[in-house]
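Enquirer: If you read the protein sequences in the order shown, they are chains P and Z.
For the first sequence, the tail end lands on 444 under the working numbering, and the numbers increase by one without skipping.
For the second sequence, the tail end lands on 444 under the working numbering, and the numbers increase by one without skipping.
Simulated from the structure, these hints should not be mistaken for lab results.
Small disclaimer: the values here were computed from a predicted structure and weren't measured.
Any given hint could turn out to be false.
Identical copies go unnamed one by one, so any copy, or any two together, can satisfy a pair.
Simulated pairs of lysine-lysine, BS3-like, Cα-Cα distance not exceeding 25 Å [said to hold, decoys possible]:
1. 237 with 84
2. 325 with 135
3. 271 with 92
4. 271 with 325
5. 92 with 282
6. 271 with 84
7. 271 with 116
8. 433 with 420
9. 397 with 321
10. 214 with 237
So you can see what is in the structure, the chains are spelled out below.
2 protein chains.
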Amino acid sequence: MTIVEACGGCMVITEACDGRMVIYAVTIYSIREVHMANNIIVGQSGGPTAVINSSLAGVFETAKELGADKVYGMRHGIHGFLEKNIVDMEEKIRTDLDLELLKRTPSAFLGSCRYKLPEIEGNEDVYNKIFDILKEYEITAFFYIGGNDSMDTIKKLTDYSVKINSPIRFMGVPKTIDNDLAVTDHTPGFGSAAKYIASATKELIRDGLVYDFKQVTVIEIMGRNAGWLTGAAALAKCEDCEGADLIYLPELPFHVDDFLARVGKLLETKKNVVVAVSEGIKTPDDKYVFELTDHTEYVDSFGHKQLSGTAKYLADLVSEKYGCKSRAIELSTLQRCAGHLTSRVDITEAYQVGGSAVKAAFDGDTGKMVILKRVSSEPYICTTDLYDVHMIANIEKKVPLEWITEDGTNVSQQLVNYIKPLIQAELTPIMIKGQPRHIVIDMV
Amino acid sequence: MTIVEACGGCMVITEACDGRMVIYAVTIYSIREVHMANNIIVGQSGGPTAVINSSLAGVFETAKELGADKVYGMRHGIHGFLEKNIVDMEEKIRTDLDLELLKRTPSAFLGSCRYKLPEIEGNEDVYNKIFDILKEYEITAFFYIGGNDSMDTIKKLTDYSVKINSPIRFMGVPKTIDNDLAVTDHTPGFGSAAKYIASATKELIRDGLVYDFKQVTVIEIMGRNAGWLTGAAALAKCEDCEGADLIYLPELPFHVDDFLARVGKLLETKKNVVVAVSEGIKTPDDKYVFELTDHTEYVDSFGHKQLSGTAKYLADLVSEKYGCKSRAIELSTLQRCAGHLTSRVDITEAYQVGGSAVKAAFDGDTGKMVILKRVSSEPYICTTDLYDVHMIANIEKKVPLEWITEDGTNVSQQLVNYIKPLIQAELTPIMIKGQPRHIVIDMV
């Protein structure tokens with residue numbers, strides 16, 4: 001957009017967005033040409049996923065295609081933004097190969113943060129600072145790729161922009177392996193994590209089958225409050241795999257004694273018993289299972305406890321009670337950063353939600369998150385849409401209780417059918433010298 | 001080989017191996033044709049690997065090509081063999097697709113065992129039983145795919161065969177992710193585990209880089225006495241990855257205080273500190289590090305302690321001392337059964353050692369293990385050879401101390417150069433509905 005700004009004379013000639021010239025009569029003192037930049041900025045926040053950079057690629061490429069001047073990236077989300085830790089994306093992504101590598105590089109390219117913006121009231125200085133920086137960089141649209149907490153950032157920035165009557169648009173791009181964002185059918189990042197969990201569970205079951213003695217494997221899976229990821233373990237059951245025997249989601253209270261009794265019953269007829277548990281399962285008196293044992297507590301800046309040790313605790317209990325071998329396996333961080341095993345459906349949708357957010361902002365939308373709308377499961381068809389971020393931020397979407405079996409020890413076919421399309425097909429990493437190649441911001 | 005056996009008359013007509021007829025004069029009572037079968041049997045033992053079934057495919061296919069009548073498989077190694085838990089491989093591997101799936105299926109197809117044969121002296125009944133079963137199935141050659149303990153089985157069976165003057169040949173096929181077999185340059189299974197460890201370490205380093213705060217990640221890697229696998233973490237260091245900061249092998253004593261001091265020093269200048277440790281590191285007074293904490297002890301039938309908890313213990317120490325976030329990540333079972341990320345070099349060599357063992361046995365060799373001989377590292381050229389199993393069984397090959405840096409906190413370039421060729425290229429699994437497809441013996 002070019003504005004011929006004339007001051008001190010008698011007219012202003014403005015080229016509006018649609019290309020028409022708008023002329024206002026004013027007093028002209030001098031004429032100078034001012035280029036009002038159409039710059040955008042994008043950030044990533046919260047826990048990494050294997051495909052969060054595909055959304056970044058979608059934002060970057062679409063913004064350039066739609067005529068953005070500069071595409072800025074904020075390092076370490078809004079936290080880095082406040083320190084003006086800002087990069088020019090074109091200096092970091094220079095070629096089509098870079099862009100392709102970006103799509104296939106796990107974990108946030110720009111870095112992430114767990115910084116939560118304070119309430120607007122009483123903290124206007126923080127918001128003024130943000131809008132000052134936005135003005136300095138001539139930003140017209142702000143994109144934030146993240147989960148629940150990140151959508152809270154978009155909500156607050158939108159609210160403040162309304163308050164100060166700023167034309168800057170704020171758009172949320174969904175991302176979380178936890179799949180716990182409201183309204184959207186699912187979240188980019190979940191499909192690849194689910195694919196990793198299903199495949200790893202399958203491989204662990206195969207590994208456990210080799211010995212001719214009784215053995216119990218307890219697999220601990222991420223998802224502190226929502227059991228979507230743990231439910232993905234159910235996909236290991238297929239033509240060539242008997243699947244996990246018990247699956248415990250955090251949506252229902254976990255009864256240690258009942259668990260032990262069921263494992264004992266299974267051991268009567270099976271050699272290789274495999275149990276998948278969410279890291280967030282709690283006893284009926286609302287205690288995390290991992291809190292039943294010794295543990296070191298670490299609480300992050302969102303107040304989230306770091307969970308770990310659930311599987312170990314349960315596996316030890318099994319060994320003590322039944323005298324058999326047990327294994328505790330935490331899929332841990334690998335389930336969110338395994339770029340070597342991603343879902344092509346997921347990586348494609350991650351790109352699409354990034355691109356759709358840019359398109360919507362350029363069409364004038366603000367205060368919204370891009371959502372995925374499933375048109376059909378078989379054949380799988382999914383489109384994007386927009387939704388008010390106020391209806392999404394800070395809400396956790398859990399697995400519906402009717403998608404968990406009545407006894408609370410497995411998931412229903414509905415959940416399997418829901419997840420299945422999301423893990424389909426692969427986008428293999430670009431392998432260099434035997435290892436997946438990544439693009440790294442500090443090494444560009 | 002067909003023998004026309006004539007009893008009760010005056011001659012025996014024998015067709016020798018080379019096709020010539022040999023006639024002996026004897027008293028003939030009756031003439032009947034006896035088909036002396038050339039059957040072989042193969043078993044798998046010890047811990048699974050991602051490529052152990054490629055060796056099984058090599059044995060099976062080569063034996064059939066060289067004219068074996070039946071190829072039998074023993075379920076759960078020598079333990080299952082003693083219970084005549086024996087299958088006809090042709091009933092389980094029926095098509096070329098089955099064979100291809102077998103090569104790409106991790107974890108022992110036939111099942112495994114950790115049963116160690118007793119000493120011959122005083123236990124002749126066990127050996128007589130084994131040879132009775134071999135006779136019953138008309139076995140001419142016996143192949144055992146495994147590591148140190150499995151080569152002990154081949155050694156003892158060979159010794160007994162010499163003692164009773166049995167013509168049955170016994171051949172060892174090397175397999176172990178631990179890479180601790182003597183004489184052979186390396187062992188099939190190691191390359192794929194090393195590739196998984198290097199790639200996972202690289203992904204974990206990337207994951208840890210996203211936050212703008214200090215964090216220490218301790219990765220626990222298999223290999224109780226030999227540090228080959230832990231050393232593979234060094235390969236994460238490449239053009240696009242800074243690599244692990246500290247690598248501790250079990251070949252040298254581990255000093256907890258020195259470790260903490262070094263981590264503290266690193267935290268002064270780095271945000272993301274990554275440490276790789278072997279599960280088997282011990283303090284100078286010969287205590288496993290995991291024994292410094294509470295742990296549940298499980299000892300397998302070879303008397304091996306199940307190790308786990310080293311990384312957790314060290315990560316907790318770091319958090320306590322420096323007040324920063326720490327993560328303990330056990331690569332655990334996945335490093336040995338990740339069929340979704342194998343080295344093509346490894347899977348090819350696994351096949352070759354299986355085939356070479358059969359060829360050698362058919363040429364009359366016995367009491368030997370196939371070894372890999374590295375002709376050159378650059379370009380990588382490797383051939384197979386044979387070696388007396390007595391010189392291999394029960395010997396553990398450790399990482400040479402000169403391949404560890406003097407301060408004991410990393411490995412030298414020599415070790416990296418040694419491992420690098422073994423992780424090259426991929427053989428992706430056959431993906432069905434978004435997951436790796438396996439062939440499973442009980443489902444055929």
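Enquirer: None of the hints should be skipped; say for each whether it holds.
Expert: Okay, the hints, checked on the actual structure:
1. 237 with 84: neither (49 Å within a copy, 30 Å between copies)
2. 325 with 135: neither (63 Å within a copy, 35 Å between copies)
3. 271 with 92: between (53 Å within a copy, 22 Å between copies)
4. 271 with 325: within (10 Å within a copy, 39 Å between copies)
5. 92 with 282: Answer is neither: 44 Å inside a copy and 44 Å across each miss the 25 Å cutoff.
6. 271 with 84: Between copies, since 19 Å is at most 25 Å while 58 Å is not.
7. 271 with 116: Between copies only: 21 Å across chains, 48 Å inside a chain, cut-off 25 Å.
8. 433 with 420: between (33 Å within a copy, 8 Å between copies)
9. 397 with 321: Close neither inside one copy (36 Å) nor across copies (38 Å); limit 25 Å.
10. 214 with 237: within (20 Å within a copy, 40 Å between copies)
Violated hints, in rising order: 1, 2, 5, 9; the structure is consistent with all others.
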